[in-house]
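Trainee: Protein chains in written order, with numbering that gives the first Met the number 0: chain A, 0 to 430; chain B, 0 to 430.
By construction, these hints were calculated from the structure, which means they are not laboratory data.
Just so you know, not all the hints are guaranteed correct.
[What the hints assert, rightly or not] To give an idea of the chain A side of the interface with chain B (calculated C-beta under 10 Å), a few residues:
id, residue
1, F27
2, Y28
3, N47
4, R184
5, H267
6, V379
7, D404
Just so you know, even glycine gets a beta-carbon here, dropped at the ideal spot from N, CA and C.
2 protein chains.
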Amino acid sequence: MFEELISFCKNRGFVYQSCSLYGGLQGFYDYGPLGVELKNKIKQSWWNEMVKRRSNVFGIDSNIILSDKVLSSSGHLDGFEDVFKDCRNCKSRFRIDEVKDVCLNPKCGSRDFTPEKAFNLMMKVNVGPTEGNYAYLRPETAQGIFINFKNVMDSFSPKLPFGIAQIGKAFRNEVTPKNFILKTREFEQMEMEFFIKPGDNDYYFEQLKEQRKQWWNKQGVEVVFYEQGKDELAHYSKKTTDIMCDFEGTLQELEGIADRQDFDLGSHTKAQSEFDIKAKVKPNTTSIDKLSHFQEKLIPHNIEVSAGVERAFLAILYSAYKKDGDRTVLKLPAHLAPFKAAIVPIVKNKEDIVSCAQGVFDKLQDAGILDVKFELTGNVGKSYAKHDEIGTLYCISVDHESVKDGTLTIRDRDTREQSKISIDKLIELLR
Amino acid sequence: MFEELISFCKNRGFVYQSCSLYGGLQGFYDYGPLGVELKNKIKQSWWNEMVKRRSNVFGIDSNIILSDKVLSSSGHLDGFEDVFKDCRNCKSRFRIDEVKDVCLNPKCGSRDFTPEKAFNLMMKVNVGPTEGNYAYLRPETAQGIFINFKNVMDSFSPKLPFGIAQIGKAFRNEVTPKNFILKTREFEQMEMEFFIKPGDNDYYFEQLKEQRKQWWNKQGVEVVFYEQGKDELAHYSKKTTDIMCDFEGTLQELEGIADRQDFDLGSHTKAQSEFDIKAKVKPNTTSIDKLSHFQEKLIPHNIEVSAGVERAFLAILYSAYKKDGDRTVLKLPAHLAPFKAAIVPIVKNKEDIVSCAQGVFDKLQDAGILDVKFELTGNVGKSYAKHDEIGTLYCISVDHESVKDGTLTIRDRDTREQSKISIDKLIELLR
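Isolated chain A, as found in the complex:
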């Protein structure tokens, strides 16, 4: 099923291998015309839920390139490493937690490996025309949130609790990018950091966990919680719950919810010794501002929710992709369908029918309903099949009757039932 979905993604214009014209760039994927619509709608759904519907959450959009000072304070410069080793026989590369004694390449099976080697997962870039002036591509969007904490406080003076959220690209030099778009070197995150008074951690942790589960369900994805054991926790986290989804019998992580206590603001604040910071933070001598809350005079704690856009994309497609008798149908939730409707003239060589269909299309556009496709194949059955496959909610066919009295035929993607509808009712429905 997974292999079938990958070729579906390519054929139907959802996902292409990046730089495929030049043989491909491993671990990188481009999004095609339908992919970009689905991706944008997933991001919009998250942003509406996590920013627009919450009066105490502020959105930001910070830069991808971060100064080394930020990443030194956050701990990424020293600690954000993977360790790998290579098979000396077939040259395959593995992260050391992936392979023990025997090479996993089924045609190899050698036991001869190079020594283990550590490397930093961050990508380094030269900034400006002078050599040696380095910065990094952010490995997560969250750091952009922490370093803008004071800016947001200065502009809006929010009381605790409040959140700062961001959607954007992040980069990690994964040893072995794999599972199609589940683990790539360039990816997009949707993150919200919720700043709270110390002591309120468990309450907001549980609340966010439930809210995030509901969001995934609204996207048509069944998820389960996996609570990390004490030995699995990252050093900054007191508690982490992963939101997981089943792919062909294997649970994969879609999102992490973490109680990061005062680690982040404690790491980035000036004058650390003035505050009672509980987390084990690195001494910070370069920050120029205190990150305490104005009124509370303390370093807030934060609960992080961090989801991957591409993982959401794949989980949503995987959950929606159905075989229904002889047809393939993509049962996307209404708000995620790339097209809400396809306008289908029943023939393509009758001018009155085609121009009537064009009129319907134009009226929808004028009413601000833009997620509509004009489908001039001249074959109604083929148009239905094609739009079932890409998740279009309704096909609207236009025939001689439509030309005469304006009546349209609407066909439902999921039930395949057809009925008559007027243009006004159609506009109302699609809104």
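Got chain A; can you put chain B on it based on the hints?
Mentor: This is chain B only, laid out in the frame that chain A set:
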């Protein structure tokens, strides 16, 4: 005015200096809570106009990291250079077209410069854990379009003319980033490549020029055309018109429209000698596909429209920022205002009024109107002034009468006129 606008951007949460917590990263800016809303709305307006409203334009979202093969074929690896020299006295750095004999630093004025030095504007990154495996951050989104030309043709079989469009980040190691967000090292582009039959160039060039001008006018920005002279043209362009906007008496480029002929697809195609390529292209030995159009059996030409998101952002703010007697008002077009309405309880300590206002807010949210702010200052005049400054279209005040009979008072941002309105009419208006 420009200086005032910059501090307005910071204070009101539109734009912050990037990494300001660590002293700032020159040439990089982060977008605050209001900035991200405005930026998203500008991008949405462009996408609606250039992709969604056009049945023959396909959107994509390709990776930021590009393989060196792509950038070698496109000519960026060799030719995308700037030349600079440094003042030996004050160490200021200049692009050689910016300075002649005398240092521009008013406190210096030295004539002693280092020799001129060329450097490539692209940022290089190491991909994967092995040293020496380099790729580049894309210097423009357009290359992602050209290398996906065949993917889009394979998935959708479009006839000529058709377009492929993309919005996304691009990176250039500018010698001297300047003018706030007008010229930065990390920036965002909105680009559409319109693929046409050779010979149709002038027709579509003129059509796109007019359409793009109208788009800028709809964003509230007055623009003029500047047609580049023969000596100014890039080597790949037969004709380029820049769309310019006046900032404090100086014209600045917002967008370029270029007739690139068959340079781009000709550069990236396999088997160049099989086609009658007019542009002077580099021999390509690495591409694995022919980029001719299926039916036409020829390499299409393309007209490019390429606008900067941050430049649009600044031009829109600059055009909207007005002094009106004693008040500052941001006269943004309705579709760009970060908030459509602010709900303002006239006092903050009367429970019935606050809860009535909360009810109005909830009803708008339920009706899908999310660009609304709940404004609990308890001071109506202050709330009006604040929302005039950030461009909110309407302030809706809630008082004792509202509690009794549901009547609300609506105040218009531009006219400052007030009138009574019901919740149903308000929902209709905001839609």
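Trainee: Decide, hint by hint, whether the structure agrees.
Mentor: Results of checking the hints against the structure:
no., hint, verdict
1, F27, "5 Å, holds"
2, Y28, "7 Å, holds"
3, N47, "6 Å, holds"
4, R184, "7 Å, holds"
5, H267, "6 Å, holds"
6, V379, "18 Å, violated"
7, D404, "26 Å, violated"
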